[in-house]
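**Q** Assemble the whole structure, with the sequences as input and the hints as a guide.
Each chain is listed here by its residues.
There are 2 protein chains.
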Amino acid sequence: MKEFNVIEDFFKAKSIQRKDVIIGIGDDGAVTHIPQGQALVTTTDTLISGVHFLPDTPAHAIAQKAMAVNLSDLAAMGAEPAWISLSLSMPEVDETWLEAFSNGLQQHSKYYSVQLIGGDTVKGPLAITITAQGFVPFDQALTRSKAKPGDSLYVTGTLGDAGLGLHIAQKKCVVSNPLNQAFLLNRLNYPTPRLLVGNSLRRIASACIDISDGLIADIKHILNASQCGATIHVDKLPLSPALKESVTYSQAISYALSAGDDYELLFTVSEEQKGHLETTLANANVHATYIGQLNGSAGKLQLRQADKPYEYSAKGYEHF
Amino acid sequence: MKEFNVIEDFFKAKSIQRKDVIIGIGDDGAVTHIPQGQALVTTTDTLISGVHFLPDTPAHAIAQKAMAVNLSDLAAMGAEPAWISLSLSMPEVDETWLEAFSNGLQQHSKYYSVQLIGGDTVKGPLAITITAQGFVPFDQALTRSKAKPGDSLYVTGTLGDAGLGLHIAQKKCVVSNPLNQAFLLNRLNYPTPRLLVGNSLRRIASACIDISDGLIADIKHILNASQCGATIHVDKLPLSPALKESVTYSQAISYALSAGDDYELLFTVSEEQKGHLETTLANANVHATYIGQLNGSAGKLQLRQADKPYEYSAKGYEHF
Numbered sequence: 095m096k097e098f099n100v101i102e103d104f105f106k107a108k109s110i111q112r113k114d115v116i117i118g119i120g121d122d123g124a125v126t127h128i129p130q131g132q133a134l135v136t137t138t139d140t141l142i143s144g145v146h147f148l149p150d151t152p153a154h155a156i157a158q159k160a161m162a163v164n165l166s167d168l169a170a171m172g173a174e175p176a177w178i179s180l181s182l183s184m185p186e187v188d189e190t191w192l193e194a195f196s197n198g199l200q201q202h203s204k205y206y207s208v209q210l211i212g213g214d215t216v217k218g219p220l221a222i223t224i225t226a227q228g229f230v231p232f233d234q235a236l237t238r239s240k241a242k243p244g245d246s247l248y249v250t251g252t253l254g255d256a257g258l259g260l261h262i263a264q265k266k267c268v269v270s271n272p273l274n275q276a277f278l279l280n281r282l283n284y285p286t287p288r289l290l291v292g293n294s295l296r297r298i299a300s301a302c303i304d305i306s307d308g309l310i311a312d313i314k315h316i317l318n319a320s321q322c323g324a325t326i327h328v329d330k331l332p333l334s335p336a337l338k339e340s341v342t343y344s345q346a347i348s349y350a351l352s353a354g355d356d357y358e359l360l361f362t363v364s365e366e367q368k369g370h371l372e373t374t375l376a377n378a379n380v381h382a383t384y385i386g387q388l389n390g391s392a393g394k395l396q397l398r399q400a401d402k403p404y405e406y407s408a409k410g411y412e413h414f
Numbered sequence: 095m096k097e098f099n100v101i102e103d104f105f106k107a108k109s110i111q112r113k114d115v116i117i118g119i120g121d122d123g124a125v126t127h128i129p130q131g132q133a134l135v136t137t138t139d140t141l142i143s144g145v146h147f148l149p150d151t152p153a154h155a156i157a158q159k160a161m162a163v164n165l166s167d168l169a170a171m172g173a174e175p176a177w178i179s180l181s182l183s184m185p186e187v188d189e190t191w192l193e194a195f196s197n198g199l200q201q202h203s204k205y206y207s208v209q210l211i212g213g214d215t216v217k218g219p220l221a222i223t224i225t226a227q228g229f230v231p232f233d234q235a236l237t238r239s240k241a242k243p244g245d246s247l248y249v250t251g252t253l254g255d256a257g258l259g260l261h262i263a264q265k266k267c268v269v270s271n272p273l274n275q276a277f278l279l280n281r282l283n284y285p286t287p288r289l290l291v292g293n294s295l296r297r298i299a300s301a302c303i304d305i306s307d308g309l310i311a312d313i314k315h316i317l318n319a320s321q322c323g324a325t326i327h328v329d330k331l332p333l334s335p336a337l338k339e340s341v342t343y344s345q346a347i348s349y350a351l352s353a354g355d356d357y358e359l360l361f362t363v364s365e366e367q368k369g370h371l372e373t374t375l376a377n378a379n380v381h382a383t384y385i386g387q388l389n390g391s392a393g394k395l396q397l398r399q400a401d402k403p404y405e406y407s408a409k410g411y412e413h414f
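Chain order of the listed sequences is Z and E.
First residue of the first sequence? That's 95 in the numbering used here, and the numbers climb one at a time after it.
First residue of the second sequence? That's 95 in the numbering used here, and the numbers climb one at a time after it.
None of these hints come from the bench; they were simulated from the model.
As the structure is a computational prediction, the values presented were derived from the model and not from experiment.
Treat the hints loosely; a few may be bogus.
Note that the list lumps identical chains together, so a pair holds whenever it fits in one copy or between two copies.
What the hints assert, rightly or not - List of simulated lysine to aspartate or glutamate pairs, EDC-like, C-alpha gap at most 16 Å:
id, residue 1, residue 2
1, K108, E193
2, K265, D150
3, K113, D233
4, K330, D401
5, K265, D188
6, K394, D103
7, K314, E102
8, K330, D150
9, K106, E193
10, K338, E366
11, K240, E366
12, K242, E366
13, K204, E186
14, K265, E102
15, K240, D114
**A** In C-alpha cells form, the structure reads like this:
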C-alpha cells in the first residue's frame, strides 16, 4: 500500500472542511487563506513511541495527544487553531491501528474545528509529527518575554496528574482507587489544550507558556526570556483530589513541580490587569490559580512553603 | 543538554531574519505575517535514516535534502518559500553532526531566503521532518487536477540521475568515470528545488507535480486527479550525459521512468499556452523538455518508443 492510499483511505474522508482551506489533502501542498488583520502562528511537536508515549498506548490516544500538545502551544500563544499537517512514521501499514488513529484525529479535528490539510506517511519507527497553524490578531500574540517584576503568576487546571499517570502506566506505582487511576491515566493520555483560556488572556497576560516539561523547567523559559526571577508558593499549587489521595503530600508537590505532560498554561499578569483577568476568567467559566510572584532577580526561582524556603532539587523533563 | 539548548545553540544564531517574521525560534510558536493578496502554501516531508537516505550520508547533505524536498513541493505549487519548521529526532546530541547539519540548513536558508521559525528536537532514531510554508497569489496555485486531454507534458532538468546515484551509494554498481560518479551522487544528495520554474509556470501550466517517487508513479497522480490519460515518448526523456555514459540506454530509460528522488517538475500546458511557456522559460533562462501528450483515457498511461508501444513493468518507489 502506498503513501497516497494511506492518506486518502484513512485520513482524507474523515477530514472536516473549513471554508479557509482552498486545497487540502491530495496535492503537493495545501493552500489556505489567513483572515485579514490576523497573524499566522505555527508550531511543531513530535511524539516518539517509547519516548513520549508507552508503546502500548491506544492509537486513539496517541492521535489525540499528538494533536493536543500542538494545540496547547497555540493556546499558549493566544492563538485560535485552524489547520494541522501530519507526518506519520510507522513500521508497517496496520489497518486496525490506522483506523483507530485516524478516528482519534477526526474526533479532535471536529471538536476544535481544525482541518487536516496534508501530510506524509513514511516507513520507520512509530513517530508522529504534527505542525499546527492558527491565527492571532496582529500584536496580540502571548509570548514568554514580556513578564515584569511584580507580575503575579498563575496556572490553569491542576498540576502533577500526568506525571503520576505515567508512573501508573509504567507500573512503577499502584493507585488503589480505580476512579483515581482512571482520572490520572486520562490526564496522561488525553491532555486538554487550554485554548479558551489562552484566547481569553490576549491583552491581559504579560507572558504565557504551556507546561510540557514540568513547572520548574518551563517557568525558567519565561524567567530567562523576560529577565525576571520568581517565587512560587508550593502550598498554593493546584492539586487534584486524585493526586492528593494517591500519594503523600510531598510526593504530590514533587509531581506538580517537575513532572511533565500536564499541558496547563502558566502565565503572568500585572497588578493593573488582575481585575480584568478575574472578570474574563469568570465570563469564560474557566479557572486559574495564583501560585506566586515575579521579582527582579533575573533567572532565579525560589520555592517557598508557609514562608520558609522549600528545598527541592529535581528538574523537569530532560530531552537528552 | 536540553531541547531548548540544541535549538538555541545550533540553529537560532544561524537563522536568517526575514521582515515578515514577528516571533521566530524561542517561544511556543512562531508568529508571521502573510502579504496581502497571497494565499499560504504548506507542505510537510519526513526523511528517515536508512529509508530515505543512507546512514552514512553527510549531515550537511541530509539537511539540504530535507529542505530541498519540501521546497520542491512548494515549487510544484508555484509558491515562493518563506519559512520552515524543523523536527529533528536523533539518538544523541552529537555536536559535530549538529554543527554540519545546521550549517547545511543555514546555507540553503540564506540561498532561498527561507527562515527557520521553530522546531522540536527529540530523542529517537535519526529522522528529519520539515514543514515548509510559502505564498502564492490568490487563485494562482498550481495543482494536479486541472490538466486536460490535448495538453502537452513537460519535465524540467534530467531524469534518472538520482536513481543511479542511489545505486552507486549503495555499492550496487560502479561508475568508472569519477566526474560522472560525482555528478550522479550530487544529484542524489543535493537535489535542486525548481522554484524559479514553478513560479514562472503560474497562469501557464494546467497541472504540476514534483517527481519524488519516479515519473511513472507521479504522473499517475496528475492523471487520476485530472481524469486524463497520457502518452509518454520514452525517446524524448531528458537524460544526462553522465547517466547515458554510465549505463545502457534501456537501463537509463528505466531509471528515468521509475527511480525516485529527482525532484524535477512534471507539468502540463494547453496548446494555447505553449507560446507563453516558451517565452517565459527563455526569459527565466530555464529549460523544460516536451515528453508527451495527455488524452481522454482516464488514468491510463502509455509508453511509446519510435511510435511503437514500449514494454515496461516496474513501478515507482513504494512507501510500504
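**Q** Indicate, hint by hint, whether the structure satisfies it.
**A** Hint check:
| no. | hint | verdict |
| --- | --- | --- |
| 1 | K108 <-> E193 | within (10 Å within a copy, 41 Å between copies) |
| 2 | K265 <-> D150 | within (12 Å within a copy, 39 Å between copies) |
| 3 | K113 <-> D233 | between (25 Å within a copy, 15 Å between copies) |
| 4 | K330 <-> D401 | within (12 Å within a copy, 82 Å between copies) |
| 5 | K265 <-> D188 | neither (27 Å within a copy, 33 Å between copies) |
| 6 | K394 <-> D103 | neither (52 Å within a copy, 21 Å between copies) |
| 7 | K314 <-> E102 | between (43 Å within a copy, 15 Å between copies) |
| 8 | K330 <-> D150 | neither (35 Å within a copy, 53 Å between copies) |
| 9 | K106 <-> E193 | within (12 Å within a copy, 39 Å between copies) |
| 10 | K338 <-> E366 | neither (34 Å within a copy, 74 Å between copies) |
| 11 | K240 <-> E366 | within (15 Å within a copy, 57 Å between copies) |
| 12 | K242 <-> E366 | within (12 Å within a copy, 63 Å between copies) |
| 13 | K204 <-> E186 | neither (27 Å within a copy, 37 Å between copies) |
| 14 | K265 <-> E102 | neither (38 Å within a copy, 36 Å between copies) |
| 15 | K240 <-> D114 | neither (32 Å within a copy, 21 Å between copies) |
Hints 5, 6, 8, 10, 13, 14 and 15, counting from the list given before, are not met by this structure.
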